[in-house]
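These are the residues of each chain, in order.
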Amino acid sequence: MSEVKLLEVSGLKTYFHLENKAVAKAVDGVDFYIRPGETVALVGESGSGKSITSLSIMKLINKPGKIEDGRISFGGKDLVGLNDKQMTNVRGKEIGMIFQEPMTALNPVFTIGNQIIETLIRHKKMTKNEARLRAIELLKVVGFPRAEETMKEYPHQLSGGMRHRAMIAIAISCDPKLLIADEPTTALDVTIQAQILDLMDEMKKKFNMAVLLITHDLGVVAEYADRIMVMYGGQIVEETTIEKLFLTPKHPYTMGLLDSLPSLEKEVDRLGAIKGTVPPAHRFPIGCRFSDRCPKVMSKCRDMNPSIYETDAEESHRVRCYLYE
Amino acid sequence: MSVIETETRIHTDQDYILQAKNIKKYFPIKGGILKHTIGHVKAVDDVSLSVLRGETLGIVGESGSGKSTLGRVLLRLMDPTDGQIVFEDQDITKMRYRKLRPIRRDMQIVFQDPFASLNPKMSVSELIEEPLIVQTNLTKLERKEKTISLLEKVGLRSEDRYKYPHEFSGGQRQRISIARALTLNPKFVICDEPVSALDVSIQAQVLNLMADLQDEFNLTYLFIAHDLSVVKHISDRVAVMYLGRIAEIAPKKNLYETPLHPYTQALLSAVPSTDILHKKEKIILKGDLPSPSNPPSGCTFRTRCPMVHEKCSEVRPELTEVGNGHLVACHLYTGK
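Just so you know, the sequences run in chain order D and P. Counting in the working numbering, the first sequence runs without a single skipped number right up to 327 at its last residue. Counting in the working numbering, the second sequence runs without a single skipped number right up to 351 at its last residue.
No wet-lab data here; the hints were simulated from the structure. Ideal Cβ placement from N, Cα and C applies to all residues, glycine included. Accuracy of the hints is not assured; some may be wrong.
Examples of chain D residues toward chain P, derived with CB under 7 Å [unchecked claim]:
| no. | residue |
| --- | --- |
| 1 | E10 |
| 2 | E47 |
| 3 | E103 |
| 4 | T188 |
| 5 | V192 |
| 6 | G221 |
| 7 | A224 |
| 8 | D228 |
| 9 | K246 |
| 10 | F248 |
| 11 | T250 |
| 12 | P251 |
| 13 | S262 |
| 14 | L263 |
| 15 | S265 |
| 16 | I276 |
BS3-like cross-link-like pairs, simulated, lysine-lysine; straight-line CA separation at most 27 Å [as the list claims (entries may be wrong)]:
| no. | chain 1 | residue 1 | chain 2 | residue 2 |
| --- | --- | --- | --- | --- |
| 17 | D | K277 | P | K178 |
| 18 | D | K268 | P | K294 |
| 19 | P | K297 | D | K206 |
| 20 | D | K206 | P | K301 |
| 21 | D | K154 | P | K267 |
| 22 | P | K267 | D | K206 |
| 23 | P | K267 | D | K207 |
| 24 | P | K297 | D | K246 |
| 25 | D | K207 | P | K301 |
| 26 | P | K268 | D | K206 |
| 27 | D | K208 | P | K267 |
| 28 | P | K294 | D | K208 |
| 29 | P | K267 | D | K268 |
| 30 | P | K39 | D | K23 |
| 31 | P | K161 | D | K142 |
| 32 | D | K207 | P | K268 |
| 33 | P | K297 | D | K268 |
| 34 | D | K142 | P | K297 |
| 35 | D | K142 | D | K246 |
| 36 | P | K268 | D | K246 |
| 37 | D | K208 | P | K301 |
| 38 | P | K114 | D | K277 |
| 39 | D | K268 | P | K295 |
| 40 | P | K268 | D | K208 |
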């Protein structure tokens, strides 16, 4: 795979200033990159900051949240410095996004056709008729057999899986270079989930898109991603290829996460639960953010947050843990 | 007297805590100016199952398969349209509510959403004591002791009883729901998607807790969930539901190792696996779940089945034993 970086995020900090002067450090120093055409997964539990990271890339952070620091370089330009108007030319056109719940992402009072046409006219400067033909084509690509009729339907007339397909059609309508998928299949049943993930994978290959896949489901990651980043407490704690993460996980949090998953392949008497809960973003421990729950905690873990260490000479395997200092 | 063979043992009525026969639950669809009934949603359509004392019976199915409705009907939280429910040798199908009340002590339910199932205006101690006030004549002090011991059993602190539900995280709330369900020492607990709203690390904690409590209180669980891995972990036997009917029911090992019904096979193959060394072949089903108000004739799965043949649209396959307590409703296995 090429060494060109499509998206490079460095030192990203997104804080929320709460009413009582407390600061929730939802994203606190995140670095990563995505190469063209690869699928990178961002994994974590609720409150780990994975969704805020994706919303920061799209610059969809509203008050009291603010991008405090960092660079988001996308195709050579720094998104942090762009104003709202410049950003609207990036959103939907160069970066597409699909969400967990299509019913809240689609506009209930416009037909599916209208919503695709709107995007095409705005970003691709097509005429209405061109846009209509392209929209029908897109709906066929994402698997609507009766695309002409679907154009005239409203979101509530479609089933859950079909709404997802419509949302994907809108997201890929302008041939984005990057697709951000935030928990794209969490609300779906497994048989439909398999359909949608396969469709996303097919679209990715067809249009040579890079995908940032945000999910809590490690099974989905194992099957569809090339690289993975595990987030905890607003920071990336482990980053490597899929093979390395699942075969030789290094961070105690990643190991705990893998042990706590019931699996179809192996039979265990007891699941290896991680004790405690994810700390809220305004009350992280002083040292390592996982220290309160870590089975391998050392005294220095409680004093200072470790930086992220490269543990593999050949291929990247970064781990934020003193065990690998 | 019904006799079902599982493994080498033969079970009689005494071994069952609950037996349900031909349960149907139809919801009317009203329409027209006069709001006549113009059709029915067949949420549960002729389901028979028996739950063995002390076992965990898992029920899996996608949304709309009728698994939650079935759970509610079995506890008489909803009245069945047809069929018979026998709980501990008592026919509770048409039992009047007043007579049913003492039996309710023995059967409880834990719901999916710990944010919706706990009254936000009640403190934890009020929530847990309420069943004791309604069902027993314990004194105030006895109730307090019971509350504290239950909270400690589910991994919360005794001081927590003064707090309100919003002060807890999702996992802690689910612990409160479990404590509340166990207040009256029930024998049978239906768990309706108890961990699906929780993060994986918390999900593991709650599943472990449920297993511990089952040993300690000698509970029988009916565990309803859509997550096949979770159901595999906790169950002894598993039933797969599709569109209001049971497609397959078998001891866990048989069901997961040699699934027979094409739907079960597709369902299992679609679960994303973290085992990156052994990639499995996926069976991608086409289409969505048909509407339960107008289910396909014959076998309801035939519209999505990769193995469909002529007979499937004509005759409805009956749930038939194929050995070792493994029952399947599919013409491929019922011969003829």
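Does D:K154 pair with P:K267 here, judged by a C-alpha cut-off of 27 Å? Violated, because 46 Å separates the two Cα atoms, which is more than 27 Å.
When you check the alpha-carbon spacing of D:K208 and P:K301, does it fall within 27 Å? holds (21 Å)
Would you mind confirming whether the straight-line C-alpha gap from P:K114 to D:K277 stays at or under 27 Å? violated (43 Å)
With a cut-off of 27 Å on the C-alpha distance, tell me whether D:K207 and P:K301 pass. holds (21 Å)
Per-residue hint verdict: D:I276, partner chain P, C-beta under 7 Å: holds (4 Å)
Holds or violated: is the Cβ of D:P251 closer than 7 Å to a Cβ in chain P? violated (11 Å)
For the restraint on D:T188, tell me whether the closest CB of chain P is nearer than 7 Å. With Cβ-Cβ at 10 Å, over 7 Å, it is violated.
Pair hint outcome, P:K268 versus D:K246 [Cα-Cα no greater than 27 Å]: Violated, at about 30 Å.
Hinted contact D:S262 with chain P - closest CB pair below 7 Å: holds (4 Å)
Hey, D:K268 versus P:K295, does the alpha-carbon distance stay inside 27 Å? holds (15 Å)
27 Å limit on alpha-carbon distance, applied to hinted pair P:K267 and D:K206: Roughly 37 Å separates the two Cα atoms, so the pair is violated.
Holds or violated: P:K297 with D:K268, Cα cutoff 27 Å? Status holds; Cα separation ~19 Å.
Comparing the model with each numbered hint stated earlier shows that hints 1, 3, 4, 8, 9, 11, 12, 21, 22, 23, 26, 27, 30, 31, 32, 35, 36, 38 and 40 do not hold.
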